[in-house]
Amino acid sequence: MATRPSMSTAVARWHADETTVGSPLIGSDVAFLRRTRVFGATGTVLMAIGALGAGARPVVQDPTFGVRLLNLPSRIQTVSLTMTTTGAVMMALAWLMLGRFALGSRRMSRSQLDRTLLIWALPLLFAPPMYSKDVYSYLAQSQIARLGLDPYRVGPAPGLGLDHVFTLSVPSLWRETPAPYGPLFLWIGRGISEITGDNIVAAVLCHRLVVLGGVGLIVWATPRLARRCGVAEVSALWLGPCNPLLFMHLVAGIHNEALMLGLMLTGTEFALRAISRTRDNYPAGPLVPRPLHWPRDRAGWMRWKPLAMLIAGTVLITMASQVKLPALLAVGFVAVALAAKWGGSFRALLVAGGSVSAITVAVTVLIGWASGLGFGWLFTLGTANVVRSWMSPPTLIALGTGQVGNLLGLGDHTTAVLGLTRAIGVIIIAVLVTWLLLSVLRGRLHPVGGLGVALGVTVLLAPVVQPWYLLWAIIPLATWASRPGFRGTAIAMTLLVGIFGPTANGDRFALFQIVDATIASTMIVAILIAITYTRLPWRPLPEAAGGDGQASAPPVPPVANSDAYAETP
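Counting from 59, one number per residue, gives the positions in the sequence shown under the numbering used here.
Derived from the structure by calculation, the hints contain no laboratory data. Be careful, since some hints might not be right.
Unchecked claim - If you anchor each label on the Cβ, the simulated ranges turn out as follows:
1) Ile482 with Ala260: 37 to 47 Å
2) Phe184 with Pro229: 20 to 30 Å
3) Val484 with Ala584: 40 to 50 Å
4) Leu220 with Met581: 37 to 47 Å
5) Thr580 with Arg133: 19 to 29 Å
6) Val462 with Asp221: 40 to 50 Å
7) Pro121 with Leu180: 12 to 22 Å
8) Leu383 with Ile577: 35 to 45 Å
9) Arg173 with Ala474: 45 to 55 Å
This structure is a prediction, so every number in the text was calculated from the model and none was measured. Using N, Cα and C, we set each Cβ at its ideal position, and we do this for glycine too.
Let the hints inform the model, and build the full structure from the sequences given.
Shown next, in the form of structure tokens:
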């Protein structure tokens, strides 16, 4: 008789099952999966409808204005906020239930997960921006570049005027500030502005297409990096690209992190595909030292194929850094991985680092020159530091210290302490990233794992932390880390930040509206759980019938850690 294992037993099996390819889902599992998919899709539909009233709608050129049905949510904002909150919780709970089909001994197929991701994203594609108004800053800064002005010197108000259609939708905090984004992103934005002009709806939709392109690259690279690290593809895709934060803040929020992560992960895969030409496995297998030249035992252009892949990967990573600078960390891990492959000596490090750095500098100069935007972005990277984010530990410590000083009658020294704590955070980031690079160089750490941890440290100790910044670390680490401790932490952070973090859903809400919406959402979700308790996998899936109580699927081979360009030593 089939029994339901306890949650602790199921969690304990996550790591044990990680290095094996799970057996296909049985009939009852498929039914549960389909219902879970519908439950999550219902949540994103509610989010999309609620965004018509609780989303970051433009101040002017609002396409819902004057349309009776579409304009109704804006007249009942508390109800709209309740819909978006309820939908987000439903989607997050559906994601948790989906994990039962991604981490157990019986796993859904890649196509089943891809269909789920697509179905959940579709309702959000045509919804107004949610949880942030950053996209309107993108539009204004791109329009400034289109007019021939320098977006790294002037902000939306000085560059376009306070009455411009784009400036009106930019939050007042950012109307005077220059752009903090790289020239590649503003170059793309300038092209969008040339196509759409002052049409704010068309421009927003075009930026969402750019986001979808980035998400597509993330989905392409994640399973390949996971295979390289010996992690099951479906498990990595579930925790990474299928994460609720991606739907809420990249797809719905239209943040350029999607393009940055997509280019960075794709470039990392290309570069490591060139470097790991044998079946070496970090750190399970030792690195095999190689001579400082490419193999000459192949005819024609095939001998240059690894070199071309390395160059292409470095170019893509550099392009990612021209969207947002933190992606440049991947260049360092590619360089030390190449140096480790060449023996890990100081000479190998100089040659590998110098070669990769030369490509990076060349691409950076080329983009700055071709875009006409130059290198002014290097001096505006600290623009966002005016925000005092409670999610940043250095900032939170400074704010707490300032309040303590006020209570003790010592005065408000928050600004001075803030400068100190943020500087200490930057120093700690530099030290830890250096240690991670040396660990990869010595063959003790996989470069993908080193990159993920480095990005996690950068996010944790950065002066400003936004909810979507967590994806910088979660997605790379999903392809490498498989221990229950990491997954549990990632799940907890996703739920905490995803559900309780975005209290300001684009528009300003009174406290009573937020409280009313939270209470109503809690009651609705509780009723839905009660109604669907036997129809959805709220409890662990029952094991397939077998003589020993275990799944009856035959043994399966371990996940191969191979490369497309593998060669024998």
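Going down the list of hints, with the structure as the test:
1. Ile482 with Ala260: 37 to 47 Å: holds, 45 Å
2. Phe184 with Pro229: 20 to 30 Å: Check passed, 23 Å falls within 20 to 30 Å.
3. Val484 with Ala584: 40 to 50 Å: holds, 44 Å
4. Leu220 with Met581: 37 to 47 Å: holds, 43 Å
5. Thr580 with Arg133: 19 to 29 Å: holds, 24 Å
6. Val462 with Asp221: 40 to 50 Å: With Cβ atoms ~44 Å apart, the hint holds.
7. Pro121 with Leu180: 12 to 22 Å: holds, 19 Å
8. Leu383 with Ile577: 35 to 45 Å: holds, 42 Å
9. Arg173 with Ala474: 45 to 55 Å: Once the Cβ atoms are compared, 54 Å apart, the range 45 to 55 Å for Ala474 and Arg173 holds.
The structure meets every hint from the earlier list without exception.
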